[in-house]
Amino acid sequence: MTAHRLASGGLVDRGASLDFKFDGRAMKGFAGDTLASALLANDQLLVGRSFKYHRPRGIVTAGPSEPNALVTIGRGASSDPNTKATVAELYSGLDARSQNRFPSLKYDIGAVNGLLSPFLGAGFYYKTFMWPAAFWEKVYEPIIRKAAGLGRAVLERDSESYEKCWAHCDLLVIGAGPTGLMAALVAGRAGLRVILADEDFRPGGSLLAETMSINGVSAQALTETSLAELRSLPNVTIMPRTTIFGWYDDNVFGAVERVQKHVAMPQAKIPVERLWRIAAKRALLASGAEERPLVFGGNDKPGVMMAGAMRTYANRFGVGAGKSVAIFTNGGAGYRAAADLAAHGMEIAVIIDSRSDAADVAPDGVRVIPSASVINTKGRQRISGVVVERSGFEETIACDAIGMSGGWNPIIHLACQRGAKAVWSPELQTFLAPDVGSGLIVAGAAAGHYTLAGCLKDGTDKAAAIAADLGFSAVAEAQPVVDGEIAPSFTALWYSPGAKAKAFVDFQNDVHVKDIGLALREGFGHVEHAKRYTTNGMATDQGKLSGINATGLLAGMQGISPASVGTTTFRPFYTPVTFGALAGTSRDEHAAPVRKSPLYGWAQKNGAVFVDSGLWYRPAWFARDGEKTWRESTDREVLSVRQNVGLCDVSTLGKIEIFGPDAAEFLNRLYCNPFLKLPVGKARYGLMLREDGMVYDDGTTSRLSPEHFFMTTTTALAGGVMSHMEYCAQVHWPDLKVRFCSSTDQWAQMAIAGPKARLVMQALVEDDISDAAFPLLAAGVVTLKGGLNARLFRISFSGELAYELAVPAGAGEAVADAIMQEGRAHGICAYGLEALNVLRIEKGHVTHAEFDGRVTPDDAGFGRMVSALKPDFIGKRLSTRFGLTAADRMQMVGLKPVEPDKHIRAGAHLLREGAKPSTLNDQGYVSSACFSPTLGHDIALAFLKSGRERYGERIVVWDKLAGAEAVAEVCTPVFVDPGNAKLNA
Amino acid sequence: MASLIHCPHCGVRPKEEFSIRGDASLVRPDPEASDEAWHEYVHIRANPRGRYLEHWQHVAGCRRWLVVERDTFTHQVFSVTDGAAAARGTSR
Amino acid sequence: MRYSAFSIVKNALTGNVNWKPAWRQPEPKPYYDVIIVGGGGHGLATAYYLAKEFGLKNIAVVEKGYLGSGNVGRNTTIVRSNYMLPGNEPFYEFSMKLWEGMEQELNYNAMLSQRGIINLYHNDSQRDAYIRRGNAMWMEGVPAELLDRAALKKMLPFLNFDHARFPIMGGLLQKRGGTARHDAVAWGYARAADRLGVDLIQNCEVTGIRRENGVVTGVETSKGFIGCGKLGLAAAGNTSRVGEMADLKLPIESHVLQAFVTEGLKPAIDHVITYGAGHFYISQSDKGGLVFGAEIDGYNSYAQRGNLATVEHVMEEGVMMIPGLSRVRVLRSWGGVMDMSMDGSPIISHTPIDNLYLNCGWCYGGFKATPASGWCFAHLIARDETHPVARFLRLDRFERGYPIDEHGAGPQPNLH
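Residue numbers (the working numbering), protein chains in the order written: chain A, 1 to 985; chain B, 1001 to 1092; chain C, 2001 to 2416.
If you want the ones that stay clear, here's a sample from chain A, every Cβ over 10 Å from chain C, calculated:
#1 Cys165
#2 Leu470
#3 Gly626
#4 Thr700
#5 Ala778
#6 Gly787
Think about it this way: if two alpha-carbon atoms lie no more than 20 Å apart in a straight line, the pair counts; the simulated DMTMM-like pairs of lysine to aspartate or glutamate are:
#7 C/Lys2266 / A/Glu156
#8 A/Lys138 / C/Asp2270
#9 A/Lys138 / C/Glu2100
#10 A/Lys605 / A/Asp817
#11 C/Lys2097 / A/Glu137
#12 C/Lys2175 / A/Glu141
#13 C/Lys2266 / A/Asp23
#14 A/Lys876 / B/Asp1035
#15 C/Lys2266 / A/Asp108
#16 C/Lys2154 / A/Glu156
#17 A/Lys870 / B/Asp1030
#18 A/Lys146 / C/Asp2270
#19 C/Lys2266 / A/Asp80
#20 C/Lys2175 / C/Asp2286
#21 C/Lys2064 / A/Glu528
#22 A/Lys870 / B/Glu1032
#23 C/Lys2249 / B/Asp1023
#24 A/Lys146 / C/Asp2286
#25 C/Lys2266 / A/Glu137
#26 A/Lys960 / C/Glu2145
#27 C/Lys2153 / A/Asp588
#28 C/Lys2249 / B/Asp1035
#29 A/Lys421 / C/Glu2205
#30 A/Lys876 / B/Glu1040
#31 C/Lys2153 / A/Glu156
#32 C/Lys2153 / A/Glu589
#33 A/Lys138 / C/Asp2286
#34 A/Lys785 / A/Glu813
#35 C/Lys2249 / B/Glu1036
Listed next, the stretches of chain C that the computed footprint assigns to chain A, with coverage defined by at least 3 CB atoms under 8 Å from CB atoms of chain A:
#36 2012-2023
#37 2181-2192
#38 2286-2297
#39 2392-2406
These aren't lab readings, by the way, just hints derived from the structure by calculation. For every residue, glycine included, the Cβ atom is placed at its ideal position computed from N, Cα and C.
My request is simple: use the sequences and hints to build the entire structure.
Okay, structure coming up:
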């Protein structure tokens, strides 16, 4: 028995026993334990294996910087790999497993890597595994890859829920230790809106493990009264279990609150984690300081722990890390730990002090060896002794745990996340945060104030200054008096000389002193190079323990100041954050909004099979009884439109109402073709270019009155066109009197197409819509029988006699029903996107399959539409560039297979007959293709170099991806009704 | 910038409500301007490290185009102006 | 010192104290025949090929920070040659072939891992675009496969097949695509270039470009003036700033792209996978971290850090694509400054100034291009003529109307 539960003491609830499991073994802990403290209480020293050498490892810290004690908690889809036992709150039923070991934690085959370590030094990968060439991927990499990682991610659907919130405050206090508590009190009393966030489940920070008293009351009592007062202030919010992980622009902080990570069965209606974006006028970083490990031979074995962590386990959790503890220190903190452990009845085997002239006082009867170094440790999976060297003499001292204290590293991670470099303080022998402006003020131990009194004062003072700065008046606080404070000064020790075993710097990644030396020797002495070459600081703890020691070692080896070496870059996240928390509710079917047309219900009852199209669900085809494939339905729909009449929902088209005396002028500048003289009551096809001369979007725009136009855009670019128009109106031509608004959702719009379209529509419309009264491209307001006003347009995408009818969205379904009812006698059918697509390909009409952003109007056969007369329009000037007018540009053509049973697929490329496939010989590609039920064979639209000159040529349609080739004849892209007789009927 | 934008019409709003187009110092040339001027307008960017004028649209708010003046290195925002007002020269 | 099995054993047995520096730390000479500005992947590769393939002897690379401190050390390490347009595909395939022989050539293991890259598609028009792209690859002799939903389900069972807002229909696979260890690429080229006598001068910031009679004669640097015969710029996100020193006006915007890595996990994702209903891409490194990213933050930036809104968006896409990522913890995020061009494609080109050559505009895609970029830039500098596979990547293509626009998004960099 080494580690054990102390007979008394600690903030655990000894009345609330909790059952948990580690690697299947049943154990008991108390409410208030972390998994780590409970494991120690059960004398479970060995908790994990290191990454590279699979060395046995134990708990090193009592907080979020833990490199070793990573476990998987939970089972199946609810398992959380790489969870730090030192922050995991114990609950009844917690099921933890160790990681990176096979077959078991105690007997791990991977440990053989340790024997090979001379061959596996820093950067060894880069120098080897190159012979023979093919072996890397076939032999070496699979072996290395198998060894990768620590925990296992199951990648199964997570059934738990997450959410996101915004919060706003005057002051965000990060850390509820002595500094943060005082700051929150001062600011809260002054009336600031305060958020006090702490990553621990129990606020209090170092006060929870403090044995000194403040103004005569215990640190724990001070914590409780402070928290009680803060809870009573309505302007203060205390957020425990909340980690501030990132500092972003405009003083927005990212935080994750672990709402239900500490319960066995999370409640379904509450998220397990909640992401907070906290917009703070000011923030106070009171994150404390991290105790610095010492780098000595054998420093990585289970039982070697930070001295401060031992103190925390004893004072806060009532757990002794060992029965007989050796302390290795370079400063006062080691003595403080020794005193507290001794007070709990643990034996202090020895204090080994690297300094020669320490003024610190050891507990009564404890031997102190000054000017000494630890060169090795005894034991394998447990410590049995420490080997000390002083003045050339070695001595082995029996002990079962070693507490190390190498000084302090202020936790300045957040302050350095935005590019500011940490500043070396020669006095404090550590890196401090630079001045990062008034948005984030660093206070307390994070600012290098290592005494409790100093922290209490600094928190008070800085909060008062912030309050004053924000215009609040803070009440001056009396300076608290701390009894029995020990000055925690230290003399930096980067390396305990004379190591007789590997002296580790980064425990998890197995980086030891010689690796750092090798990096330096090979020219990787820059702190970033050293990190990347050795992997020091790249483990899950991101160098919280190892980073500054690596800097110190690099400095020491070169005989320069750590100031010249600097630190590696601090980046989000302060501690790792789950995908789930950052993604929030945006997942699965709810990942994006669903848009449904006003005719969705109509389509549904007519048997629509829907397909997602952007955010919309649109009918793809309408299956009828007996139709087994989409093709059967589509072919029927196409033929029915060509022979009779069909109804198609086109409500998803972007619809924009444009008003104003300059509306016509605006459209004239927006489109490449003229709009100034479009008569009232007429629709016109319009082509919009980008400023670089390529086609952006197309659609029809109708003039409903002299100052009112109605535009339709493609479904895909409805939003884009609207923004583009707003940009043109507001930025380019702010003096034009034009206004517009989107009415996409206000109108149900349907296309009624086919030779019998007029028959059907005339029965429903009061107005005369004969060809004479309502010819092709007529547009206007009509009255439906029953009195409803609607907009009617004589426009056609299918090439048939066709109308588009727009009615208020709420009336859509009723009107569509009425049309279907009226059309039944004429053989009407509902048709979907598939049929729409076939119809338009047959007619040679384009979509974004053709207008893919690389196509000019002329490429698609619209060259003559582009106005040469207009002085200006978007895209005019750059459309005349050489490359956009070159003769060998790809032009849109039609293709039909020479053998009618051959198929053509969109995406196939084109080759001259007999030409070898090569990029150089590539003649173009198929943009759209389909089976034409009207013609009885496949047809396609394609872009072919100088295509319009090549009608009649035979060309190879090359679809290597499908292993298919077909010979096709190049033809005009209009396959049906080239004379527009049907259109004008 | 880029966490919060102070829309002159809607107040402080999160970045997610906006879309970004690019350099707002460029002015669309006169139709008669040289090819060179047009090429530069469409393709050439000063791309400064430091103060920069950029067009943002408050798409999920007032839908106005805004001129955001900010630092491309520190991301500090100096001003946000309505784009039409800026184009007319009536602001700033 | 050549790396071999023998050298590893020998050094291991002698305590690893005899390894030599991977490269020298030279002081700048007064004059070089060629100076390359930028000690990232492209600059180092250029210097290496200038010396190795084009026989130049007196070459320097000047780098304001440490070697490989730019985007070569902060990307998502993806290697592929699955482009659609004739201006790009031959170039990237040339690059892929160089990747495939790089380790032996450089005597440095960059851990090229051809695990296969799969681009998912979610609707018919995306499928058609991928068919067009796959066939364009085959035209260049690059194998590609179109996978249907059933095949994907077998290969990648962890994808969201059952509850997706945008259901997965299939994917385009390039088996030769994969990843490489990014830092090692920079170090491998640096070491190999050094061994051929190239001076790699770190902590040497260019502060001015000296011209006499319109011809570049050297660079002012933080280590003083260094003369040169020819000057090549390979400064990525800082291209505009360096170009400005020679009054170059460039079609470039600098944007920040964030990238991410998770905690180390046992192997779970074998391929590089890209999401078609967003811009998300992910792979797993040989150390076990899932490496991923998505789109740029959207605003011009020279800061190597991004914002939370984009971070959240990236994670949303990740969980949409792979629901089981939900409980995986993201360890670190970082930002790189991208030299976004006006058409999303790179520039390897002469400039209007004699003896000044330009390599920029890599947008998201610079890492995979590293070897070909170096080779073609070296070809251009050494022979004063463009390499055939890079002949479309000219600076004047915008003015002349020959953009290479894979996304069809037009001249707005944040859309590429």
